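Colleague: The chain contents come next:
2 protein chains.
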Amino acid sequence: MIERVSFLAGTDGPWRIERITAISGETLPAAAAFRSVEGAEFAPAAGASWALCGVRSYDRYVTRAEKTQLVAAQEGLGRPSSTRAALIPIRKTPAWWALAQDERRAIFEERSQHVVAGLRFLPAIARRLYHCRELGGPFDFLTWFEFAPADEHAFDELVDLLRRTEEWSFVEREVDVRLSR
Amino acid sequence: MIERVSFLAGTDGPWRIERITAISGETLPAAAAFRSVEGAEFAPAAGASWALCGVRSYDRYVTRAEKTQLVAAQEGLGRPSSTRAALIPIRKTPAWWALAQDERRAIFEERSQHVVAGLRFLPAIARRLYHCRELGGPFDFLTWFEFAPADEHAFDELVDLLRRTEEWSFVEREVDVRLSR
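Line by line, the protein sequences give chains A and B.
First residue of the first sequence? That's 1 in the working numbering, and the numbers climb one at a time after it.
First residue of the second sequence? That's 182 in the working numbering, and the numbers climb one at a time after it.
The following block holds chain A by itself, in its conformation from the complex (with noise of 0.2 Å):
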């Protein structure tokens, strides 16, 4: 069965928007109030000033040696402790999507180190990737980070690092989400 996630802006939700950035690209608009939704199926959108779907899916770059490390690393959403999250959504460039699978391995970890970036910041930085090309909406993925307060810092230096790799240079759009609760 598909997990599907619905992100919900408005006026109610338990995550307050602290501040919306468009890094690429078109922002999103401003909204007080913030949800996510997990389940079998979407959320109702009515009311939402905005919303985003995407379904949890199977890695597409990970090897079985970079998914033992990451999975002994990283620690679940949820924890009480996360009192800091960041949605972030993006959508890559026809030239990424025209790319073979092993160019995009190659881009996406051998010369951008995606996977390493992650893992030094773990388990401070706890994420969950949904991914929604497949069904059509504005953007490819829609990244979810979870971390404390202490920790904002630290998230601020790994989205800096990954924004100057050679994989980013296929983001056409990016908005940074931040959000407290």
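Calculated directly from the structure, the hints in this document are not laboratory data.
Just so we're clear, the structure is a prediction, and the values are computed from it rather than from any experiment.
Do not take every clue at face value.
What the hints assert, rightly or not - With a straight-line cut-off of 16 Å between C-alpha atoms, the simulated EDC-like cross-links for lysine to aspartate or glutamate are:
#	chain 1	residue 1	chain 2	residue 2
1	A	Lys67	A	Glu103
2	B	Lys248	A	Glu103
3	A	Lys67	B	Glu284
4	B	Lys248	B	Glu284
5	A	Lys67	B	Asp283
6	B	Lys248	A	Asp102
Since chain A is already given, all that's left is putting chain B on it; use the hints.
Modeller: Positioned in the frame of chain A, the structure of chain B alone reads:
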């Protein structure tokens, strides 16, 4: 823009359904006629006996070297001589989806020679793969094949070859829909 396909079985359409064979798992209902509709939106399924939807997406396993060979050898859909077609919807097991990328690639090509097999039958057997796992339907992939009547034996050989591979040990549902026009 995402390119969507709807495969509709029912009482009208340019293709006649010759037979529907369940290779693994549950079959699909019998129907007389069939049409496929590609476009920006899914086609309305009202009145159809059954409908399957998918999207064109990027290559998950093929390397640049393999892609170059495939592109050089293949011909497009819609050849006037292609009066036979097959739709093969497939669902893979949870064990397959839990594998890491390098493990799936090794099974797919190094041990099952999926690309090598397809290349052997080009340009006779034209194909197009649609993804539907993220859409949450009953299948993960829908593959559409077109060929001339004289090449139906070659097509049977291709699918027999694939069904004997290690990759196919991860296929838990497969239906083989044969069509003519």
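Colleague: Look at each hint and say if it fits the structure.
Modeller: Here is what the structure says about each hint:
Restraint check for lysine 67 (chain A) and glutamate 103 (chain A): not satisfied, since their Cα atoms lie roughly 20 Å apart, outside the 16 Å limit. Between lysine 248 (chain B) and glutamate 103 (chain A) the CA atoms are separated by roughly 11 Å; this keeps the pair inside 16 Å, and the hint holds. With a CA separation close to 11 Å, the supplied pair lysine 67 (chain A) and glutamate 284 (chain B) stays within the 16 Å bound. For the hint pairing lysine 248 (chain B) with glutamate 284 (chain B), the CA-to-CA distance comes to about 20 Å; that exceeds 16 Å, so the pair is violated.
Restraint check for lysine 67 (chain A) and aspartate 283 (chain B): the C-alpha separation of about 11 Å stays at or below 16 Å, so the hint holds. Taking the CA atoms of lysine 248 (chain B) and aspartate 102 (chain A), the gap is near 11 Å; set against the 16 Å cutoff, the hint holds.
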